[in-house]
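**Q** With chain Y's structure known, arrange chains U and R on it following the hints.
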Amino acid sequence: MSAPSSPKTSPGNFFEDFRLGQKIRHATPRTVTVGDVALYNGLFGSRFAVQSSDTFAKNAGYLRSPLDDLLVFHVVFGKTVPDVSLNAVANLGYADCRFLKPVYPGVTLNAVSEVIGLRENSNKKTGIVYVRSRGFDDTGDVVIDYARWVMVRKRNEGAPAPGEKVPELPKTVEPAQLGAACPKIDTAGYDNALAGSSHRFADYKVGEKIDHVDGITVEEAEHQIATRLYQNTARIHFNQFAESSGRFGRRLIYGGHAISLARALSFNGLGNAFHLAAINGGRHVAPLFAGCTIFAWSEILATAELPGRNDVGALRLRTIATKDRPCADFPLKDGDDYDPAVILDLDYWVLMPR
Amino acid sequence: MSAPSSPKTSPGNFFEDFRLGQKIRHATPRTVTVGDVALYNGLFGSRFAVQSSDTFAKNAGYLRSPLDDLLVFHVVFGKTVPDVSLNAVANLGYADCRFLKPVYPGVTLNAVSEVIGLRENSNKKTGIVYVRSRGFDDTGDVVIDYARWVMVRKRNEGAPAPGEKVPELPKTVEPAQLGAACPKIDTAGYDNALAGSSHRFADYKVGEKIDHVDGITVEEAEHQIATRLYQNTARIHFNQFAESSGRFGRRLIYGGHAISLARALSFNGLGNAFHLAAINGGRHVAPLFAGCTIFAWSEILATAELPGRNDVGALRLRTIATKDRPCADFPLKDGDDYDPAVILDLDYWVLMPR
Amino acid sequence: MSAPSSPKTSPGNFFEDFRLGQKIRHATPRTVTVGDVALYNGLFGSRFAVQSSDTFAKNAGYLRSPLDDLLVFHVVFGKTVPDVSLNAVANLGYADCRFLKPVYPGVTLNAVSEVIGLRENSNKKTGIVYVRSRGFDDTGDVVIDYARWVMVRKRNEGAPAPGEKVPELPKTVEPAQLGAACPKIDTAGYDNALAGSSHRFADYKVGEKIDHVDGITVEEAEHQIATRLYQNTARIHFNQFAESSGRFGRRLIYGGHAISLARALSFNGLGNAFHLAAINGGRHVAPLFAGCTIFAWSEILATAELPGRNDVGALRLRTIATKDRPCADFPLKDGDDYDPAVILDLDYWVLMPR
Numbered sequence: 013m014s015a016p017s018s019p020k021t022s023p024g025n026f027f028e029d030f031r032l033g034q035k036i037r038h039a040t041p042r043t044v045t046v047g048d049v050a051l052y053n054g055l056f057g058s059r060f061a062v063q064s065s066d067t068f069a070k071n072a073g074y075l076r077s078p079l080d081d082l083l084v085f086h087v088v089f090g091k092t093v094p095d096v097s098l099n100a101v102a103n104l105g106y107a108d109c110r111f112l113k114p115v116y117p118g119v120t121l122n123a124v125s126e127v128i129g130l131r132e133n134s135n136k137k138t139g140i141v142y143v144r145s146r147g148f149d150d151t152g153d154v155v156i157d158y159a160r161w162v163m164v165r166k167r168n169e170g171a172p173a174p175g176e177k178v179p180e181l182p183k184t185v186e187p188a189q190l191g192a193a194c195p196k197i198d199t200a201g202y203d204n205a206l207a208g209s210s211h212r213f214a215d216y217k218v219g220e221k222i223d224h225v226d227g228i229t230v231e232e233a234e235h236q237i238a239t240r241l242y243q244n245t246a247r248i249h250f251n252q253f254a255e256s257s258g259r260f261g262r263r264l265i266y267g268g269h270a271i272s273l274a275r276a277l278s279f280n281g282l283g284n285a286f287h288l289a290a291i292n293g294g295r296h297v298a299p300l301f302a303g304c305t306i307f308a309w310s311e312i313l314a315t316a317e318l319p320g321r322n323d324v325g326a327l328r329l330r331t332i333a334t335k336d337r338p339c340a341d342f343p344l345k346d347g348d349d350y351d352p353a354v355i356l357d358l359d360y361w362v363l364m365p366r
Numbered sequence: 013m014s015a016p017s018s019p020k021t022s023p024g025n026f027f028e029d030f031r032l033g034q035k036i037r038h039a040t041p042r043t044v045t046v047g048d049v050a051l052y053n054g055l056f057g058s059r060f061a062v063q064s065s066d067t068f069a070k071n072a073g074y075l076r077s078p079l080d081d082l083l084v085f086h087v088v089f090g091k092t093v094p095d096v097s098l099n100a101v102a103n104l105g106y107a108d109c110r111f112l113k114p115v116y117p118g119v120t121l122n123a124v125s126e127v128i129g130l131r132e133n134s135n136k137k138t139g140i141v142y143v144r145s146r147g148f149d150d151t152g153d154v155v156i157d158y159a160r161w162v163m164v165r166k167r168n169e170g171a172p173a174p175g176e177k178v179p180e181l182p183k184t185v186e187p188a189q190l191g192a193a194c195p196k197i198d199t200a201g202y203d204n205a206l207a208g209s210s211h212r213f214a215d216y217k218v219g220e221k222i223d224h225v226d227g228i229t230v231e232e233a234e235h236q237i238a239t240r241l242y243q244n245t246a247r248i249h250f251n252q253f254a255e256s257s258g259r260f261g262r263r264l265i266y267g268g269h270a271i272s273l274a275r276a277l278s279f280n281g282l283g284n285a286f287h288l289a290a291i292n293g294g295r296h297v298a299p300l301f302a303g304c305t306i307f308a309w310s311e312i313l314a315t316a317e318l319p320g321r322n323d324v325g326a327l328r329l330r331t332i333a334t335k336d337r338p339c340a341d342f343p344l345k346d347g348d349d350y351d352p353a354v355i356l357d358l359d360y361w362v363l364m365p366r
Numbered sequence: 013m014s015a016p017s018s019p020k021t022s023p024g025n026f027f028e029d030f031r032l033g034q035k036i037r038h039a040t041p042r043t044v045t046v047g048d049v050a051l052y053n054g055l056f057g058s059r060f061a062v063q064s065s066d067t068f069a070k071n072a073g074y075l076r077s078p079l080d081d082l083l084v085f086h087v088v089f090g091k092t093v094p095d096v097s098l099n100a101v102a103n104l105g106y107a108d109c110r111f112l113k114p115v116y117p118g119v120t121l122n123a124v125s126e127v128i129g130l131r132e133n134s135n136k137k138t139g140i141v142y143v144r145s146r147g148f149d150d151t152g153d154v155v156i157d158y159a160r161w162v163m164v165r166k167r168n169e170g171a172p173a174p175g176e177k178v179p180e181l182p183k184t185v186e187p188a189q190l191g192a193a194c195p196k197i198d199t200a201g202y203d204n205a206l207a208g209s210s211h212r213f214a215d216y217k218v219g220e221k222i223d224h225v226d227g228i229t230v231e232e233a234e235h236q237i238a239t240r241l242y243q244n245t246a247r248i249h250f251n252q253f254a255e256s257s258g259r260f261g262r263r264l265i266y267g268g269h270a271i272s273l274a275r276a277l278s279f280n281g282l283g284n285a286f287h288l289a290a291i292n293g294g295r296h297v298a299p300l301f302a303g304c305t306i307f308a309w310s311e312i313l314a315t316a317e318l319p320g321r322n323d324v325g326a327l328r329l330r331t332i333a334t335k336d337r338p339c340a341d342f343p344l345k346d347g348d349d350y351d352p353a354v355i356l357d358l359d360y361w362v363l364m365p366r
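Residue numbers (this note's numbering), protein chains in the order written: chain Y, 13 to 366; chain U, 13 to 366; chain R, 13 to 366.
Bound-form chain Y, shown alone (with noise of 0.2 Å):
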């Protein structure tokens, strides 16, 4: 953790290298195709009819199978780790974040992020880095945008904070500002039979749990693909000789992993929620490590029609994932804290047809 021994090694930011307004431009380009879609559904096995195949795709009002919504977040979030939170000691929240733009297999994503907060904690160790990033294609057009805030180290205790300011941050995305990557939905071409779900839009209802029953257990090799696929640099997924001495002495499952999981299991039982159109809020309440089981649960927070649309509407879904335990009986809080099984809290719109 102390600075590299080499001048051209990138150390990557510290608290006080940030200033209110920087815009920084993250490296590595990446072209994502259908290769990376074919290893993300080998990873976690997702069915939504629209990602799966580009003739269901076509007849629903896409071009074509869109990549899923997820793996455009995954590769755009890498993008920003080196710069971001390469000395996080923890990631504490995401707010806004919508996808605006269907992302299909052939584009170059781009991301740049600006700051948009920085607050200094009273121990003058760290700092909160809130930044806005976006994801861009080849034509220059916003695919994903959203804000993020990590816990960052200081290079140096003495060093005076670079600004302080707490940015306001929406607890949820409007439903008027969802859909923007969601073509007209032909409501008739979409074949429920295909898309392994009779349900639809006005079949959900406010308060509604659902347990989708299913577990995965998860494998330090296919962490280790995902998140270098999206070429996240977080030195703590990879690096097992260090963090056998570190915090949980063994590796850490990157959060977006369990997402995609919770995601992939939610299939059974929102087999129609066929796009992620924003991310409200998340926590990773727990870390996550290899050889855990995860379950997965969801309530409908609430519905909502999408201004000047009536092919689909929106759900706003909450969904719980848990490590080795089922969540038949929806596990969420033990007394004022989580049950100790819940590990991620996920509050999130998708789209359905109506």
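Since the hints were made in silico from the structure, they are not lab data. This structure is a prediction, so every number in the text was calculated from the model and none was measured. Certain hints may be false.
Each pair may be met inside one copy or between any two copies, as identical chains are not told apart.
Calculated pairs, DSSO-like style, for lysine-lysine (alpha carbon to alpha carbon, straight line, at most 27 Å) [as the list claims (entries may be wrong)]: (1) Lys113 to Lys70; (2) Lys196 to Lys217; (3) Lys221 to Lys137; (4) Lys70 to Lys35; (5) Lys183 to Lys70; (6) Lys136 to Lys217; (7) Lys221 to Lys35; (8) Lys35 to Lys137; (9) Lys217 to Lys183; (10) Lys137 to Lys177; (11) Lys196 to Lys136; (12) Lys196 to Lys70; (13) Lys221 to Lys177; (14) Lys177 to Lys113; (15) Lys217 to Lys345; (16) Lys217 to Lys177.
**A** The following block gives chains U and R in isolation, referenced to the frame of chain Y:
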């Protein structure tokens, strides 16, 4: 194994849910790409030149490299699982599996099954379901057609049997039915050196036994990635938490994984068997678990010319796969029972250039 | 290790099977696709922008992203294994490895080797085979050319040596021979921020040492998937059953896996070294096993301008990889011997924009 806690979650079909003649259009059409091919190659290391090289395939008579026949099988099979075998106690058998059209990367596969037989077991707790499953490409052509039977639990022991019929299935596919998925092969353009074997159809004799020599160890991450790639949702392959208190105490590897490993191993001795034209039957003699090393050997059961074709001939093979036991002495039976190392006994037809 | 029980099974070549001047057309041509690229990325997490982004590659001067040079090497190397090194006791060295033409996804690779040297060992049990191997693309152009020597068992100790010649091989590829696989680079169009490094050719000095900082742990599934992807059939990488009673008691990781890991790690400090132009030599100092964490550091051995080119310059690098030992103090020798943590000592040329 009880009914799910949400009516949105698919419980799969129980024995009494099936009807004779029922047709099931399976969910999740799947566009299979060069990405899937790469992952399949990484998992099995297949070396048949037709599937490895577009140039070789063109020179032989294909448009380009077709998908490995077993990849087509696994993808189609995977689609049938949520409807047919989610509540299966045992996969009992396959028969009459014919590959009918080459499948190239970019093709979207669908699957439909018809219930062709039902037979309740005397304990009234389970019954045998016979289905004929067909995989279709974008144009609606059948690319694979096979029968399969599984023992499925009843939801309620008191429910009446939904039918009683045991279909007649052929013990072997007739040679006249072979080869629909194989274009006319240019036997002069087919280069033995590049293919890796100088032995063609006429060089194999009935009764000949071939030890495929090599062994390959299976890891948990590998079979999970493979089985998810096929969108096969059988829980026993993925859920260590549940299986730790299950029949084996651990995850069971998808039987098709053993078939693909045996087929890849069989290259050493059968390098010109470029097309798996039909599966006559197969038995998963014993369960396979991660950490085991698979070996295989084959016997030539029959040779056959194909009516009207002088480009290729068919070999009927019996391939035996073992775990943690080399096959130099062709292990098979131990008295009336199988040798305890045997895990797979597969009867199938391959095509070879003449 | 005895002769196979079937005459159809390839036993590989033994020392006495080789002849000076013999040319071997290797089996299994291979069309390398974006699927292979994705899997390579997932396994190594490479971040060189030219290979990651079609757009970046085009702006730099390529047609699109070429394959990672080491992926080309591994695929060509894999083809040579069944003929050259299936009965090898040890891989002794490489020399004069030059990358001669960019390889893009969709290209089909073939390989041919020529026996350029033979030398029986005094124990009469083994001999050293020197081959020059070349990889070709669809058009028949050579894309890679390298020499390699391996110690191969004799089938019969009494067999006479098939020849005696030790070829002269260059200790290093001359700068004038570098760059054939690198198009003219538009150094203005090459964007340092996107590439992830502000350091170009002129910023590196002879004698400079760079610790690549990060460590990456290897899992069994990962190296098996990689090595099968290259259709490398060396048994020691895959067969835990046999190796459990072998030299190491476990599977040995393909040496090329360590090279690819070291190359990926070297991005941190050498981010603009976008092309591996030549390998002068390499030594696998110690075996690598799953579970180990790889670290790496590099020294600049030389810098060179390329005759007639002012777009790129060449750095001759010595990259040392270690297992379970960080490289902040540049571990190399321990007296006359290598530091016990060192597993790889690689001498090669990379190109950087000027």
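**Q** Under a CA distance limit of 27 Å, which applies to Lys221 and Lys137: within one copy, between copies, both, or neither?
**A** neither (42 Å within a copy, 31 Å between copies)
**Q** Give the relationship of Lys137 and Lys177 under a CA distance limit of 27 Å: within one copy only, between copies only, both, or neither.
**A** within (18 Å within a copy, 66 Å between copies)
**Q** Taking 27 Å as the upper bound on the Cα-Cα distance, should Lys221 and Lys35 be classified as within, between, both, or neither?
**A** Intra 41 Å, inter 31 Å, cutoff 27 Å: neither.
**Q** How would you label the pair Lys177, Lys113 (within, between, both, or neither) given a Cα cut-off of 27 Å?
**A** neither (30 Å within a copy, 53 Å between copies)
**Q** Classify it for me, Lys221 with Lys177: is the Cα-Cα distance of at most 27 Å met within a copy, between copies, both or neither?
**A** Close neither inside one copy (38 Å) nor across copies (40 Å); limit 27 Å.
**Q** At most 27 Å between C-alpha atoms: does Lys113 with Lys70 qualify within a copy, between copies, both, or neither?
**A** both (16 Å within a copy, 24 Å between copies)
**Q** When no copy is named, should Lys70 and Lys35 be tagged within, between, both, or neither for a Cα gap of at most 27 Å?
**A** Between copies only: 25 Å across chains, 37 Å inside a chain, cut-off 27 Å.
**Q** Have a look at Lys183 and Lys70 and pick one of within, between, both or neither, based on CA distance no larger than 27 Å.
**A** Classified as neither; 34 Å inside a copy, 41 Å across copies.
**Q** Under a CA distance limit of 27 Å, which applies to Lys217 and Lys345: within one copy, between copies, both, or neither?
**A** Within. Shortest intra-copy distance 22 Å satisfies the 27 Å Cα cut-off; inter-copy 59 Å does not.
**Q** Tell me, please, which holds for Lys35 and Lys137 at an alpha-carbon limit of 27 Å: within, between, both or neither?
**A** within (24 Å within a copy, 65 Å between copies)
**Q** Checking an output row: Lys196 and Lys70, CA cutoff 27 Å. Within, between, both or neither?
**A** within (11 Å within a copy, 33 Å between copies)
**Q** Should Lys217 paired with Lys183 be assigned to within, between, both, or neither, using CA atoms and 27 Å as the limit?
**A** For Lys217 and Lys183, the Cα distance is within 27 Å only inside one copy (21 Å; across copies 52 Å).
Checked against the numbered hints given earlier, this structure breaks hints 3, 5, 6, 7, 11, 13, 14, 16; the rest are met.
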